[in-house]
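Read off the chains here:
2 protein chains.
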Amino acid sequence: MKKLTIIGVGLMGGSLALAAKKNIAGITVCGFARSDKSYRKLKKLPFLDIVERDLKSAVKDADLVAVALPVFAAADCFREIAGFLKPGTIVFDLSSTKEEIENSARKYLPKNISFVGCHPICGSEKTGAEHSVGDLYRDALCLITAKEKDPATITIAQFWSALGMKVAFLNAKAHDKMLGAISHLPHVVSFALINSLDEGYLKFAPPSLCDMTRIAGSPASVWVDILFSNKKNVSSSLRSYAKSLKQFEAILAGGKKAAAVKFIEKANTRRDIVRNDLV
Amino acid sequence: MKKLTIIGVGLMGGSLALAAKKNIAGITVCGFARSDKSYRKLKKLPFLDIVERDLKSAVKDADLVAVALPVFAAADCFREIAGFLKPGTIVFDLSSTKEEIENSARKYLPKNISFVGCHPICGSEKTGAEHSVGDLYRDALCLITAKEKDPATITIAQFWSALGMKVAFLNAKAHDKMLGAISHLPHVVSFALINSLDEGYLKFAPPSLCDMTRIAGSPASVWVDILFSNKKNVSSSLRSYAKSLKQFEAILAGGKKAAAVKFIEKANTRRDIVRNDLV
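Protein chains in written order, with my numbering: chain Z, 1 to 279; chain L, 1 to 279.
If you're looking for bench data, these hints aren't it; they were derived computationally from the structure.
Among the hints, erroneous ones may be present.
Identical chains blur together in the list; that is why a pair holds if it fits in one copy or across any two.
As the list claims (entries may be wrong) - List time: in silico SDA-like cross-link candidates among lysine to any residue, alpha-carbon distance up to 25 angstroms:
#, residue 1, residue 2
1, Lys262, Asp211
2, Lys3, Asp63
3, Lys173, Ser196
4, Lys232, Glu265
5, Lys257, Ser235
6, Lys21, Pro151
7, Lys246, Asp211
8, Lys21, Gln247
9, Lys177, Tyr201
10, Lys126, Lys149
11, Lys257, Ala242
Turn these sequences into a full structure, and let the hints guide you.
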């Protein structure tokens with residue numbers, strides 16, 4: 001592996017560049033800048049060996065191309081780069097939903113290019129390459145939705161491992177269903193929670209509300225794409241959640257303390273599983 | 001101020017003892033143990049000067065009595081201690097709801113005893129005096145629901161300030177309405193969220209879900225009392241929240257991306273207020 005080109009050098013892409021330079025000896029990292037403004041910003045980052053304004057120049061001799069863009073932009077990007085890649089290049093992405101992305105990769109990328117769908121489960125509510133963190137990926141889990149035994153998949157799994165990630169494999173459909181529940185739903189819950197409160201109360205927020213709204217600071221530019229590209233699963237998770245909420249509302253309205261204890265103890269037990277999570 | 005007696009030496013009461021010994025020169029701290037088991041446990045804590053098994057002995061010569069029990073137990077406790085207190089003793093509590101508590105204090109405590117309702121906005125999802133933290137109260141906000149100019153209120157405000165807390169005053173009704181929104185609602189949201197998820201997914205929880213479910217580990221013994229003693233306000237907050245959630249569901253189902261951007265950006269702006277909070 002000699003040259004890695006990153007399209008979309010924001011917080012995730014920038015942290016990827018930083019982590020790659022730190023952990024992989026001899027790698028050349030190239031960042032693509034779509035605008036002059038972005039070019040000037042990326043030129044200041046010490047962890048990019050090359051910054052390119054021209055997409056063709058950026059990808060034409062890359063061994064790996066990482067697409068770290070919002071979901072629909074990533075899907076679009078494959079169409080743009082398809083004609084510029086050398087045979088054997090491996091393209092991978094970092095998007096939070098995978099079916100949309102895989103459909104697009106299948107549609108636009110030629111047969112001699114491998115695509116490996118990836119979802120590193122980490123991030124930050126901050127945005128921008130200037131907030132890049134070299135350890136963002138370390139010890140976190142990367143879900144890979146490509147076939148485990150394919151040579152390209154093996155290369156990419158080794159790449160993430162070199163950055164300190166654990167990898168796991170599942171198909172895009174199962175991925176999107178699970179992430180709809182464990183990641184996309186919590187974001188909607190957090191957005192809706194903070195929007196429902198009296199604004200004057202917010203400055204009195206106790207630690208509980210601070211925690212519950214950390215991800216309410218997540219950028220619309222990223223999250224609208226994630227939620228709309230996984231609409232069916234998010235809606236279905238929202239329905240299950242609304243049911244659970246209604247259940248507690250009825251318990252409270254009915255004054256059923258024993259049922260409330262059971263409801264909270266179930267949550268306690270489940271929290272112990274989350275506590276022992278992989279990330 | 002010479003002797004502080006704490007009834008309910010759990011995480012909050014234990015941390016109170018620890019902080020008082022650390023910050024107030026010459027104070028004597030006495031802990032009341034309701035059972036032999038609890039007595040043996042409390043005797044091991046280096047920050048309690050006295051441990052009493054007998055309630056009368058614990059409170060009879062106390063200058064300050066802190067009641068750090070779940071809401072309904074605290075309300076009950078006033079009846080138990082009323083006959084044992086010396087004139088001039090100041091009783092205060094640490095409960096998360098205040099109307100229920102104030103009604104009980106008014107009903108049971110004699111006229112020569114002052115009561116000051118307090119709600120230090122801090123805590124932990126852990127329980128038990130063995131997890132006491134000396135800095136639990138430092139820099140956090142204490143809401144006081146008694147009259148600001150009363151001598152007893154001034155004494156108690158000085159006490160919390162000595163522990164490093166900021167204090168603010170508001171009446172019990174306004175307190176319970178606000179806390180129903182910014183603390184009790186988030187707990188119900190967290191309990192309901194984790195209970196709605198497929199259990200098999202939990203071990204893959206990303207950082208977002210970890211944050212959103214930290215308070216789902218909060219003990220039923222404390223939270224059933226809080227939620228049921230503030231039922232009206234919690235129900236009303238739940239209704240506003242369900243409305244906000246439904247609004248986003250409709251945006252998603254209708255494919256209205258511009259409205260989704262607006263919804264998320266509103267959440268982002270509000271999150272900036274929480275970020276600059278007092279605690």
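Status of the hints after comparison with the structure:
no.: 1; hint: Lys262 x Asp211; verdict: both (24 angstroms within a copy, 22 angstroms between copies)
no.: 2; hint: Lys3 x Asp63; verdict: within (5 angstroms within a copy, 73 angstroms between copies)
no.: 3; hint: Lys173 x Ser196; verdict: between (32 angstroms within a copy, 20 angstroms between copies)
no.: 4; hint: Lys232 x Glu265; verdict: between (30 angstroms within a copy, 23 angstroms between copies)
no.: 5; hint: Lys257 x Ser235; verdict: between (31 angstroms within a copy, 15 angstroms between copies)
no.: 6; hint: Lys21 x Pro151; verdict: within (23 angstroms within a copy, 64 angstroms between copies)
no.: 7; hint: Lys246 x Asp211; verdict: both (23 angstroms within a copy, 22 angstroms between copies)
no.: 8; hint: Lys21 x Gln247; verdict: neither (51 angstroms within a copy, 44 angstroms between copies)
no.: 9; hint: Lys177 x Tyr201; verdict: between (35 angstroms within a copy, 10 angstroms between copies)
no.: 10; hint: Lys126 x Lys149; verdict: neither (35 angstroms within a copy, 44 angstroms between copies)
no.: 11; hint: Lys257 x Ala242; verdict: both (21 angstroms within a copy, 22 angstroms between copies)
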